[in-house]
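Residues per chain are reported as follows:
There are 6 protein chains.
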Amino acid sequence: MKIRVINPNTTCAMTETIGAAAARVAGPGTQIVATQPAGGPVSIESHFDEAVAAVGVAEEVLAGEREQTDAYVIACFGDPGLWSARELTRAPVIGIAEAAFHMAAMVATRFSVVTTLGRTGIIAEHLLQQYGFAHLCRKVRAAEIPVLDLEHDPDAALRKIIEESLRAKHEDGIGAIVLGCGGMADLTDTISDAVGLPVVEGVSAAVKLAESLVHLGLKTSKHGDLDFPRPKAFAGQFRHFSA
Amino acid sequence: MKIRVINPNTTCAMTETIGAAAARVAGPGTQIVATQPAGGPVSIESHFDEAVAAVGVAEEVLAGEREQTDAYVIACFGDPGLWSARELTRAPVIGIAEAAFHMAAMVATRFSVVTTLGRTGIIAEHLLQQYGFAHLCRKVRAAEIPVLDLEHDPDAALRKIIEESLRAKHEDGIGAIVLGCGGMADLTDTISDAVGLPVVEGVSAAVKLAESLVHLGLKTSKHGDLDFPRPKAFAGQFRHFSA
Amino acid sequence: MKIRVINPNTTCAMTETIGAAAARVAGPGTQIVATQPAGGPVSIESHFDEAVAAVGVAEEVLAGEREQTDAYVIACFGDPGLWSARELTRAPVIGIAEAAFHMAAMVATRFSVVTTLGRTGIIAEHLLQQYGFAHLCRKVRAAEIPVLDLEHDPDAALRKIIEESLRAKHEDGIGAIVLGCGGMADLTDTISDAVGLPVVEGVSAAVKLAESLVHLGLKTSKHGDLDFPRPKAFAGQFRHFSA
Amino acid sequence: MKIRVINPNTTCAMTETIGAAAARVAGPGTQIVATQPAGGPVSIESHFDEAVAAVGVAEEVLAGEREQTDAYVIACFGDPGLWSARELTRAPVIGIAEAAFHMAAMVATRFSVVTTLGRTGIIAEHLLQQYGFAHLCRKVRAAEIPVLDLEHDPDAALRKIIEESLRAKHEDGIGAIVLGCGGMADLTDTISDAVGLPVVEGVSAAVKLAESLVHLGLKTSKHGDLDFPRPKAFAGQFRHFSA
Amino acid sequence: MKIRVINPNTTCAMTETIGAAAARVAGPGTQIVATQPAGGPVSIESHFDEAVAAVGVAEEVLAGEREQTDAYVIACFGDPGLWSARELTRAPVIGIAEAAFHMAAMVATRFSVVTTLGRTGIIAEHLLQQYGFAHLCRKVRAAEIPVLDLEHDPDAALRKIIEESLRAKHEDGIGAIVLGCGGMADLTDTISDAVGLPVVEGVSAAVKLAESLVHLGLKTSKHGDLDFPRPKAFAGQFRHFSA
Amino acid sequence: MKIRVINPNTTCAMTETIGAAAARVAGPGTQIVATQPAGGPVSIESHFDEAVAAVGVAEEVLAGEREQTDAYVIACFGDPGLWSARELTRAPVIGIAEAAFHMAAMVATRFSVVTTLGRTGIIAEHLLQQYGFAHLCRKVRAAEIPVLDLEHDPDAALRKIIEESLRAKHEDGIGAIVLGCGGMADLTDTISDAVGLPVVEGVSAAVKLAESLVHLGLKTSKHGDLDFPRPKAFAGQFRHFSA
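Protein sequence lines, in the order shown, are assigned to chains A, B, C, D, E and F. Going by this note's numbering, 214 is the number at position 214 of the first sequence; the sequence numbering is gapless. Going by this note's numbering, 141 is the number at position 141 of the second sequence; the sequence numbering is gapless. Going by this note's numbering, 208 is the number at position 208 of the third sequence; the sequence numbering is gapless. Going by this note's numbering, 192 is the number at position 192 of the fourth sequence; the sequence numbering is gapless. Going by this note's numbering, 185 is the number at position 185 of the fifth sequence; the sequence numbering is gapless. Going by this note's numbering, 87 is the number at position 87 of the sixth sequence; the sequence numbering is gapless.
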């Protein structure tokens, strides 16, 4: 089974972090292909970054289709381009935000999200609402660290995430923490040990969900809303999407 | 990894059906222990049946705890005794209704449920509301077959389920069907082929989710709401629960 | 008119407290039959306790049916076994949580719940969501007293409940308090006097609602969802439920 | 105990119908004072009718206050002036729409409303949403009869209401009918017999709820939102409201 | 284009404030007719005040209809009599609360409301729920100033509003402030400068929305719910409404 | 005032249709700049088309910023790239779906959407949910016409839209129709005349809302969620976004 884990930003170090986290939990028969778009932002910290990254995600899914991919993971907590990616393939596509929410809902009655920057909290809130998990999430919290600090100053980042997670534990009436950034994928155990709560991290969660769907033979429905896009012409820089 | 798949009713044939469905999707290192309570209803078709079955589920979790169980599946579509079971163990516990809803949400934008009897539809509706999936479910439909007909008259039952699923496909604007009874666990492929939609069945879905949580090291949170019950005395027929 | 007030736990002293509270508000023609199951937990402080108690509630409803009962009250704030009980009788069945929520909604725009232990708050939250009162409840608060302390150390318990209720009054922007435990049934007036707010207590509320439904000739609907359970075999310790 | 049952419209015959329905269910110690405003519409079939009637309701509550009234019922299904009335008194005030919804929620899992004119359905929908019962109501249906036809051509009106109620029974998946007009208060038994479902009628429901609140000593909260209006000057035709 | 801006209270000074605010933003071809009912409360600070004012609003719409009015604004933050007013005319009718919510939703993801008295917060909460904006509003806050203090002690009122708005900015995670009273219409710029956030004020917002609807040729739908009220007799002080 | 009306697809004829519709309703001092991205799909009929178009929208907003633009309209009914666009400018940005929903909410209590292809209905449903208008929309309907048929076979398209709108009028219990595609911008009057309901079209609605916000001095909040994106490097085909 081949799972393409797409880091929607263009920072190789983060792709490696994500790929390693994915590989760590992958089953014996699973091949993890960790990749990133050729074009796009070095980190995703805004709706604009997300909008650009969504095209890169689509490119990566199309590339994956040429390589017989069994499932896809979109490894940014805003699930950029999720519905679009699902249209481009019969294979299951899992976003790490949804993955984390699904898993958290099975080990606790209520959780809080700890993300990087406060300004991206609204993206998590919109997803919680769209997916139906809003009532399970007590609070979307931010450690107020730029995404790339997870790579550049990991110790300080880790400390802030733990501090915010402990505040969540003591103030929010929760049973679990959801980590709100793909770049935190290697920190799960450390945070969980420090906080004393189940900590749900989306990359690993998504890999297991992707494997599960493949094992179950469940594919993205091509009846109705998520059918392949109607072939059509694209202009300019996107003309390679024409069909 | 040992997963205890609990059929909450006391019909052995259904336990076998469920166990076989679980084994079919289980990973190579997974041992499926399919069981049923010593006491309880032969089928679950009402809130009363569910209430009695929930005690059987608790008994079975406690039995599982004495055998080093890694995860539990509650294989009745009403998820009877789910929260109670989660309190009794650190292991993950998955209900097949929630499992099916989680999986369906990842392969389609909207789904319909096809269950056995119309009168149990309200149980599915309550779960959809509690879990947060109500807006994803277009309709809870019933094939109007008693649960045990799935064992006694499987051909007629299958035909009715397919008919109702086709109605759902053509009338509800959906991308997937969720099967609303553990006893349908062996019919998934046939129904999916006949209907031409992804068909999500809860027993198999729950097994993969349980395996996933175990692989991720995610356990039922013991901080707060789902902590082990406070030890106390129980009277009468339940005095063996005393601690 | 005969109302069976079922204390779902097996602590006689609490049954007496509850029965006295029920009798205090019952109309002149109403006979209160306060009872408790022969088997079950001495107090209800978890989902597991609730699951076991729900069977006791069913037993008590079936007992009541043999005695021409006009209505039932389930006197534990989690409303354990409510839907199951409704299936077993044509008589109205009222849970004390729902009763308190209904009444509170008629005397204030917003209320807070003050319950015993924090861990049971999720049970109240689930009920508020299911019944549709979530938006009326500002906060589910806990005095952090074990249920039986209401019997064993009533003065300390009362003091903590009043303190938490005063916090609710001053911080939550509410007009009324809902008491979140059947064992508080005798404290209503004292708390209301101390807090200066309407205090809604479920046992008394449920008795008046039960009387009201009986006077109106409104019975549990036997059309559809709440019809009598289909007769079937039960195994083991529950074989007496067979029909 | 004195309950003032306010018919918000100015048609005496309807006041009599409503008063008789109220008296029929009132307890032995309850005095029903059925009244109507001196000014206002002869029937309430629009938001405008409701707006005018709300002032009449306020006048009637103020009149009731001068006569030591223990509780008030607003006997129009739109609950016109409910929150305003609650501010004007410490006594409980019950609208017949909310009363019917509360009662229906205790005898069935789902209900439909059968009202007079389709155009007033939106008023019921707004109330269902505000009170939190929207998910319990499958459909708001109209028999398409003007309100006063209930007085002028009662047989035809009754026939249409029964027809619409039967459609609700067969198409909506419900367990109970809520009658959506105070003028139907004398038809409950006939409709229930013809339809074979519990039929909840608001005037009788509200009287029992009002009695219940009085017996429980629960009064409209004067802490916060529903406190007496701040005294102030009123101009023109409303100067008698000045204080 | 003639827009009738109805101040629902009877304080001339406030009508002038509101009229001036409306005129300030009106387009070149727009004539603002600022008016107030002959009868009603001098300020609106309760549901009762609102109920009385709603009749005044209806009178003013009927007066406007005799003068070829193109659109109406109801300039009190509770939108009193909004649905009633819409029935009385084909012209668009805009409430200032809804207008402010609509506009705020377009310039920020989340906002807080700053109103006058805490007791009127529930009115805003009910509107947010009915209109569908509840999830966009973090908090309804009160500066705890009586409405007429906006006229009598404007400096103190302004100071309190700014203080509360700053608390909203720093504590609520918002991007905009909605002013919760028509009497604040002249303070918008000062508050916005002091607080450093977009401040949405309903009178000006409603005038632009009214103009927009007129320019688009969009009128209040007369199909169904908002059709003209059925002509009927009114008694007593309201007999002039008879038709 | 300069409003940039961005047609997110790359079909010039549709840009002209949209620009003409915008110009028709623009105020005397408003300059409409109708534009389209250099790159992207010729029509938008899927999530994938939307994802690509969202980048084009961002490009167009950045282009608009270099020309002193006062407000932006995104003229595709899925509001592609709306939040991203808002981050890139202080000027107001309005999507035509949200614009149509806001306007429809002010002229009717309930509406239905009539869009092009059934598969895009889910996009409208997601927006209705996110914005808070889901309860106001009875049904999202599709005329089942590809977007470009609006240009290529306008008569047939118009006929189908009218037929579907009439079905909505007669079956849905609505007061208004919302047109679900920017390409229908020139058909509003014809459809409204044929259907006999207010028909709300998003391009014209958005232009008036944009003008309104500009006149009110309300700009996209730069405090928090919608602040300018943090400057950062972009790789590959998107490196021109680097800052």
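Check before you lean on any hint, since a few could be wrong.
Given that identical chains are not distinguished, each listed pair holds provided it fits within a single copy or across any two copies.
Below are the EDC-like pairs computed for lysine to aspartate or glutamate, each with C-alpha atoms no more than 16 Å apart in a straight line [said to hold, decoys possible]:
no., residue 1, residue 2
1, Lys219, Asp189
2, Lys2, Glu65
3, Lys139, Asp155
4, Lys169, Asp227
5, Lys2, Glu144
6, Lys160, Glu16
7, Lys222, Glu151
8, Lys232, Asp172
Rather than coming from a laboratory, the hints here were simulated on the basis of the structure.
Here is what the structure says about each hint:
no. : hint             : verdict
1   : Lys219 to Asp189 : between (31 Å within a copy, 13 Å between copies)
2   : Lys2 to Glu65    : within (11 Å within a copy, 35 Å between copies)
3   : Lys139 to Asp155 : neither (24 Å within a copy, 36 Å between copies)
4   : Lys169 to Asp227 : between (42 Å within a copy, 15 Å between copies)
5   : Lys2 to Glu144   : neither (35 Å within a copy, 37 Å between copies)
6   : Lys160 to Glu16  : neither (22 Å within a copy, 51 Å between copies)
7   : Lys222 to Glu151 : neither (39 Å within a copy, 28 Å between copies)
8   : Lys232 to Asp172 : neither (49 Å within a copy, 28 Å between copies)
When held up to the earlier numbered hints, the structure conflicts with 3, 5, 6, 7 and 8 and fits the remainder.
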